[in-house]
Amino acid sequence: MELLRINNLKTYFNISSGTVKAVDDVSLTLDYGESLGLVGESGCGKTTTALSITQLLPSEGSIVSGEILLEGKNIVNLSDTEIKKVRWKEVSMIFQGAMNALNPVMRIGDQIAEAIILHEKLSYKDAIKRVEELFQLVELEPKRISNYPHEFSGGMKQRAMIAMALACNPKLIIGDEPTTALDVMVQAQILNLLDKLRKELNMGIILITHDLSILGETCDKIAVMYAGKIVETGYVEDIYNNNKHPYTYKLLSSFPNIHKERVMPDAIEGIPPDLINPPSGCRFHPRCPYAKDICGKEEPRMELANEGHYYACHFGGVYNEK
Amino acid sequence: MKVIIMHAILGVFIMKNKQKIVSVTNLKVVFDIKQSFINELFSKKRKIVKAVDGISLDIYEGEIVSLVGESGSGKTTLGKAILNLVPISEGEVFFKGESVNFKNKKEVKKFRQKAQMIFQDPYQTLDPKSLIFDAVVEPLEVNNMLKTVSERKEKAVKALEDSGMAPGEDFLYRYPYELSGGQRQRAAIAGSIILNPDFIVADEPVSMLDVSIRTGILKLLLNLKDSRDLAFLFITHDLSLAWLISDRIAIMYLGKIMEIGTSDEIIKGCIHPYTKALLDIMPVPEVNRNRIRKVLTGEIPDPTEIPKGCRFNTRCEFAYDKCYVDEPELTKISNDHFVACHLATEDINAKS
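The listed protein sequences derive, respectively, from chains A and B. In terms of our numbering, the first sequence opens at residue 1 and continues consecutively. In terms of our numbering, the second sequence opens at residue 1001 and continues consecutively.
Rather than coming from a laboratory, the hints here were simulated on the basis of the structure. Backbone N, C-alpha and C fix where the C-beta goes; we use that ideal spot for every residue, glycine too. You can trust all of the hints, since none of them are fake.
Derived Cβ-Cβ restraints for the label pairs, each shown as a range:
no., chain 1, residue 1, chain 2, residue 2, range
1, B, R1174, A, S42, 14 to 22 Å
2, A, G270, B, K1105, 44 to 52 Å
3, B, N1143, A, R107, 45 to 53 Å
4, B, P1167, A, D31, 49 to 57 Å
Given these sequences and hints, build the entire structure.
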């Protein structure tokens, strides 16, 4: 069943030097219990897409056009009070470096209880009980709810943040680089936990990351973003084994693979473009090693490769043979 | 591509004839934990953290040795101790045969010219208000070398170009905010190589950078190693990066080396359960929906109370009686491969 559908979303930022087209015509869908990985380099619009869903955009930014349908209901034009009901109860977000978001002089249990009381009419005692359940869910000892943040390690703080995100039983969780600041071992623990919770609670998860290598085990679908646009989207198998866009290919091959021979992966030459004046035609063409004349002139349309697998490239898949 | 592999294989043979740059013997770094006044009065024993707890390691010229481990394993402390940036409690560090425990400031200054450090965050390394030129020539300034501007400029351009920022003149009079993350890290590297050091400690130099530019920086380090015969201590928590660029990898856990060997030995034939666990959770860009990762539970134990016996015993699934009593020594498995694990050494004893 469809949980989230984004249609032609455009989110722009008006700053003194012009209009930044941070998200430019993005469409995607997500079912209940499904996980989607949103990947791309810094500044490609991943986080802005997420902030558009929760409508937590900074004041310069606004949704210019497009629809965000949550369970079929468009949430773009909701008023402030209405959107507050959607946040936490329907959609919640785990931020990057969230462990630094905890208030250092307040007990962790109280911080989570505070969020629950704000959204649901519960007494403090019931809220604390709920926090204990949540702690069990994220594999923390319930008795530690009376600890302060400094008594928790980085991984435990991130677990507490996940508990907070789960507090009001949301249907959709957006994790914005939830494991970037963590150790490899803790990263694996957190990813396993998110996976377990998704299956148990039948939630949708959007995982935003620049690390394509962690998505192979944790996601069903992947959307690759470049310069404000989705350039390729499909099931994990499509993206990893049968990708049609040179950017996906280059991004994927910039990871070392310890199961294969020891070779230094290629870097992608150049830097992502300025989104005030994005390149004409295909936005990736200045950095694309396979670009031809047409790529600078005409913008490629989304083409269907097979069911659920779309790409935006004039020469879909042919580059592999070069 | 093949060249790199050849290089690694050759590297091991060539290394034997190379000069030792850094030699660490039984190094210990201990930090005191400050307790409240009352506790200090009444508690019987001092609370200490053994950040580095008895490490011996040699690094040869033109060699990259990686130090891999979780946060809190003491990787950075070891790097800093080698550079004489934290006080050494026990043991010794020799740099080109000379102990780095210098008594006067002049000697320290001279040593620092030859041993440098690259830090994790290029956004914090560079002063936002000073030009790239000033940041790159600062080491010359500190050491009173090349006093004229034109000489310094020439040197800065050379350092920038050697760090992959060509033409160097274009970058001299820019501010850090005008550069991308990768360029900033390159500028920081330019500053660290301007005095022609023999040894660099690179502390997670790429972990803040996007994947697409990581390899560029790694290639630069490899290049510097080859063209200048530079030795590196590369500190990282990412085993796959260590595998890509280093000649040897040392796995650290709670202040001790658990396993050390050539890159390929560690990745393809590691023996220590901790190394295996680290390898098992390495994300691999492959589809594997049913892969069940064996993730170690919990985190690295409190370094003020290091477990008795093998320090990994609290998280090791193979731990048996001996592991809770005796601390395993680093034991030779093959030429360059050493492991500190009772199980591994027993296997060898059984075979021989």
